[in-house]
Amino acid sequence: MRRTTLDTAALAHDLRLAVVRLSRRLRNQRVDQSVTLTHLAALSTLQRHGAMSPGELAAHERVQPPSMTRVVVALEGMGLVTRNPHPTDGRQVVIDLTPAAAELLTAEARAREAWLAGRLQDLTPEERAVLREAATIMGGLASG
Numbered sequence: 003m004r005r006t007t008l009d010t011a012a013l014a015h016d017l018r019l020a021v022v023r024l025s026r027r028l029r030n031q032r033v034d035q036s037v038t039l040t041h042l043a044a045l046s047t048l049q050r051h052g053a054m055s056p057g058e059l060a061a062h063e064r065v066q067p068p069s070m071t072r073v074v075v076a077l078e079g080m081g082l083v084t085r086n087p088h089p090t091d092g093r094q095v096v097i098d099l100t101p102a103a104a105e106l107l108t109a110e111a112r113a114r115e116a117w118l119a120g121r122l123q124d125l126t127p128e129e130r131a132v133l134r135e136a137a138t139i140m141g142g143l144a145s146g
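Residues 3 to 146 in this note's numbering are what the sequence shown spells out, letter by letter.
For the record, the hints were derived by calculation from the structure and aren't laboratory data. Ideal Cβ placement from N, Cα and C applies to all residues, glycine included. There could be a bad hint or two in this list.
Said to hold, decoys possible - Quick list of the computed label-pair ranges, beta carbon to beta carbon:
| # | residue 1 | residue 2 | range |
| --- | --- | --- | --- |
| 1 | G120 | L143 | 37 to 45 Å |
| 2 | N30 | T84 | 24 to 32 Å |
| 3 | G146 | L122 | 33 to 41 Å |
| 4 | Q94 | R26 | 32 to 40 Å |
| 5 | L19 | D124 | 33 to 41 Å |
| 6 | G146 | Q31 | 25 to 33 Å |
| 7 | D9 | A111 | 31 to 39 Å |
| 8 | A11 | A104 | 26 to 34 Å |
| 9 | A104 | R64 | 17 to 25 Å |
| 10 | D124 | S69 | 37 to 45 Å |
Take the sequences, apply the hints, and build the full model.
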């Protein structure tokens, strides 16, 4: 095996581990522990893509519709989503965020970003510049 291939494989390994560990640390910076990560993922999808049917939400989250139905019921019980009649299909409903959900998502993002900003403050300006460049590169990797 060529040295370049070995270097690339080692980088892929190290980068994957670092991303997983950082992601885990960020997920632990929570505002409201009563809302699960699954709930937050569904809420974030609704925030990003707008109101949708439970089936569409299940497809976005890559879960089975019965699983998403349980998530929606829980979120509705917490006052974080509403069910409204579908505009063209009377058999369906449309799930949308409540103002409380939007506030929760904002608070969750702020908590994670505050933690990360605090950790970034401990780095040198040069290290922060490297991470700024890496964030751009990683964004490109994620979108491609």
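Note to self: To test your reading of the hints: which numbers does this structure violate?
What the structure shows: Those not satisfied are hints 1, 3, 5 and 8.
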